[in-house]
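Colleague: Here are the chains, one letter per residue:
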Amino acid sequence: MKTTAKVLGFLLSLSLASNCLAQLQGDWKLTVTHDVERLGVLTVEESDDGHQVFVDGGPVAFTLEGNRLEMDADYRDGGGRLLNRHFTGTLDRDNGDSWSGTLVADHNGSTGTWRAERILTEVPLPPTPVDISGIWSRISAGMEKVHLDYTASAQAGVEDYSFLDDPALRCISPALVRISGWPYPLEILQNVQQVTILYESYHEVRRIFLDGRDFPESFPSSAMGYSIGHWEGSTLVVETSLLKPSFVDQAGQPVSENARVIERITLSDDGQNLRSLLTLHDPENYLRPIIRFRQWRRTPEAAIMEYDCDSYPFFRGLELEGKLDEYWERMRQLQ
Amino acid sequence: MRILIYCLTLLGLITFAGAAAAHHSFAAEFSYELFGTKEGKVVELHYVNPHTRIFVAVTNENGEQEIWDAQTHSVNILFRLGWGKDTIKVGERVVLEGNLGLEDSRKIWIRTLTMENGTVITPDGGGANQQ
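These protein sequences, in sequence, are chains A and B. Going by numbering that gives the first Met the number 0, the final residue of the first sequence carries number 334, and the count climbs one at a time with no gaps. Going by numbering that gives the first Met the number 0, the final residue of the second sequence carries number 130, and the count climbs one at a time with no gaps.
Rather than coming from a laboratory, the hints here were simulated on the basis of the structure. Positions of the beta carbon are idealized from the N, C-alpha and C atoms, including for glycine. Please note: incorrect hints may appear among the correct ones.
Said to hold, decoys possible - Have a look at the derived ranges for each label pair, beta carbon to beta carbon:
hint, chain 1, residue 1, chain 2, residue 2, range
1, A, Glu325, B, Leu33, 20 to 30 Å
2, A, His280, B, Glu43, 43 to 53 Å
3, B, Glu38, A, Phe214, 52 to 62 Å
4, A, Glu216, B, Val42, 21 to 31 Å
5, B, Glu43, A, Gly25, 50 to 60 Å
6, A, Asn107, B, Glu102, 37 to 47 Å
7, B, Lys84, A, Gln271, 50 to 60 Å
8, A, Glu325, B, Val42, 53 to 63 Å
9, A, Val129, B, Val42, 29 to 39 Å
10, B, Met114, A, Pro126, 51 to 61 Å
11, A, His229, B, Glu38, 39 to 49 Å
As the list claims (entries may be wrong) - Below, a list of computed lysine-lysine pairs in the DSS-like style, where the Cα atoms sit at most 30 Å apart:
hint, chain 1, residue 1, chain 2, residue 2
12, A, Lys243, A, Lys322
13, B, Lys88, B, Lys40
14, B, Lys40, A, Lys28
15, B, Lys88, A, Lys243
16, A, Lys322, B, Lys37
17, B, Lys40, B, Lys84
18, B, Lys37, B, Lys84
19, B, Lys88, B, Lys37
Same shape as in the complex, but just chain B (with noise of 0.2 Å):
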């Protein structure tokens, strides 16, 4: 139930979302074509303007740890969202799906962001599928 809670909010709120996402590029950063998904811990969180950004860390295929810079909204527009300041925690293990970076960098715009209680996110793609 809170699931379909989440993603009703958040999608009859998507047109706000699309217009949210019309100031920053997007395109400049993140591929519209290359989707990843990541699975690590929160290991900061910054719920501020003009980018919420959640790093976290991530253990690759040779067992080494990275850290992925994870974007979406600004805290102001999660919060007109549904976010509340207590959505994700630090020290939480998250999987991220999402967008990735260009130039193989380890960014990622995240699409859906799943909780360790299995309580998935939607951020509604930070403007990758937007008009």
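Chain A extracted, bound-state conformation (with noise of 0.2 Å):
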């Protein structure tokens, strides 16, 4: 009797959590403040084997009990390193379907909080043009997440990485999705014809056009693409293509050269800050979008430095590692 009031019991909370999981179906708008604010996506879709939850397109481990929520998400640190950020937190139904708790990083135990709200559908909005000219500086490239909803190959790909592959240790620009999230200054130059991102790292410039133009129909691809935008409400909106094969970040996720991203850039009220909420359409390597939420501070005092890149230490470490053999056999597979 007890075994099955037991059994039923569990079965009513799989139902509950079931149908409290298809309430929050849909995107939520993540803010994480562990160390400085992060901004990302989390999802909550209905599949064949039940639920799944997602940030910025990662599966991450997720349970709702009634109201209490917990989730684990990983993250690399500053330098590269693999890790995990413990997420637990309440779901207020009478404040809008907000969630909000804290986090725990488990290898260190910093600690931090987050909040989430629903991403509404937005209505089309006639354009309205803001001024996001200046000088730019960042303040987080997102919530960082590493494992993604990969394809088979791209699944291969990631495994098969090493750092010799890294186009940027020998000053090739690492393109448009990884140099958006840089630690260096940017600076935009802007009018009606046309947004001018000039990026510190590598030299890197971007036109991206507003003149009502489509996608050239034969043009070389290139690591920062070709990009056409134009403005909704006052969010500017980007599209990319023409990318050359490149790599999301550092761990080797690829991008192939068929992939298009999208970026809504937005100002906050105050003028004072920068959001672009980039999402990487690749369906060669993921099975669902890969989203970056980048963020900046406006800086007009930076200066813009010169990026003088040398890849003779590069190849000079590499022969003292005895490792230019291997450089060279990769290179050429990678062809």
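Take each chain as given, in its own frame, and dock them per the hints.
Modeller: Structure, rendered in structure tokens:
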């Protein structure tokens, strides 16, 4: 009798949890304060196996009991070490369906806070451009979610990745997705027809054409791709394609030549913060779009420096380490 | 006093430095657990992007000379942390302390660099202690 009651209770809790998750389906804007403010997107989806939860397009472990939730999301620290944030919190159903709580980093016990608010479907608005020109310095690159929803070939590529494959170490541009999160300032120039972004990193330049043109029929692919944009209300929406193969970050998550990147760039009400919700659509490598939510602050006092890059020390280091032959072989295989 | 100024300046900017290390994979080349100290003469100095690298001639236990590959942040980041182009010079003797390279490689990520005159420079550990 006691066992039957336990089983019924368990099934009831499963059913309740499932119903709760069903109500939570959709996208949520995640704001995490853990050393700095980090933005991300939490997605709850129904699938054949029940419900799945993702942060920035990467699966996370998630449980919900009543109004209390727990979640584990991996990330990399400043040096590239794989770590985990454990989230706990509650769902506030009386306050417009928002979540909030605390988090702890498993490796060192550092703590933070977080909240999530539902992302509402935006009604298309007539263009009302805002002035985003100026010098901007990075606040954070986002949640830095590491494990993503890979295709089989991408999974194999990630597992085989070596720092020898990192083009940035030999002064080759790390490309759009990765460079957009780098810790160097950038300068934006703007007119009605074009937004130009000058990155300190690798001297990269992006021209975002706002004149209504489409992508060219034939054009060489490049690290930063070809970008066209338009204003939806005060949001600058940028679409980029014609990208060369590259990586999402230093862990070797691939970006294919057929990838498409959408950035939704917004200015804070006080004009001091710039945010870019970057979505990578790359079905060759990922089963769902990957998100990186960048954030900068206005720093007119910051001086943009020249990016004096020299690949000699990298190759000299490989020579000393006895890895030059391995490097050449890997490069031949990548061609 | 000079040491104090360096340390205070660098500690004040440590948040920037932590963010700054987030774009290259320290973890792919260096150990988080193994630390070492190497003393030798600077034979090559590359104060550049994407990483500043200092090749140092070190005499090992058998009296043989080894070249160690010492790395730290890019020149742009070091400049913002207070380094100048004359902070280190080729030919100087230095003591390096930091994270050792993986696979017994002769690499070290600089946590402290002690000059011949005793000045200690601490470029924050290169991501090893961030977050």
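Colleague: With reference to the structure, classify each hint as holding or not holding.
Modeller: Hints, one by one, checked against the model:
no., hint, result
1, A:Glu325 / B:Leu33: 20 to 30 Å, "holds (22 Å)"
2, A:His280 / B:Glu43: 43 to 53 Å, "holds (44 Å)"
3, B:Glu38 / A:Phe214: 52 to 62 Å, "holds (57 Å)"
4, A:Glu216 / B:Val42: 21 to 31 Å, "violated (53 Å)"
5, B:Glu43 / A:Gly25: 50 to 60 Å, "holds (56 Å)"
6, A:Asn107 / B:Glu102: 37 to 47 Å, "violated (26 Å)"
7, B:Lys84 / A:Gln271: 50 to 60 Å, "violated (33 Å)"
8, A:Glu325 / B:Val42: 53 to 63 Å, "violated (24 Å)"
9, A:Val129 / B:Val42: 29 to 39 Å, "violated (53 Å)"
10, B:Met114 / A:Pro126: 51 to 61 Å, "holds (58 Å)"
11, A:His229 / B:Glu38: 39 to 49 Å, "violated (60 Å)"
12, A:Lys243 / A:Lys322, "holds (26 Å)"
13, B:Lys88 / B:Lys40, "holds (10 Å)"
14, B:Lys40 / A:Lys28, "violated (52 Å)"
15, B:Lys88 / A:Lys243, "violated (39 Å)"
16, A:Lys322 / B:Lys37, "holds (22 Å)"
17, B:Lys40 / B:Lys84, "holds (18 Å)"
18, B:Lys37 / B:Lys84, "holds (22 Å)"
19, B:Lys88 / B:Lys37, "holds (17 Å)"
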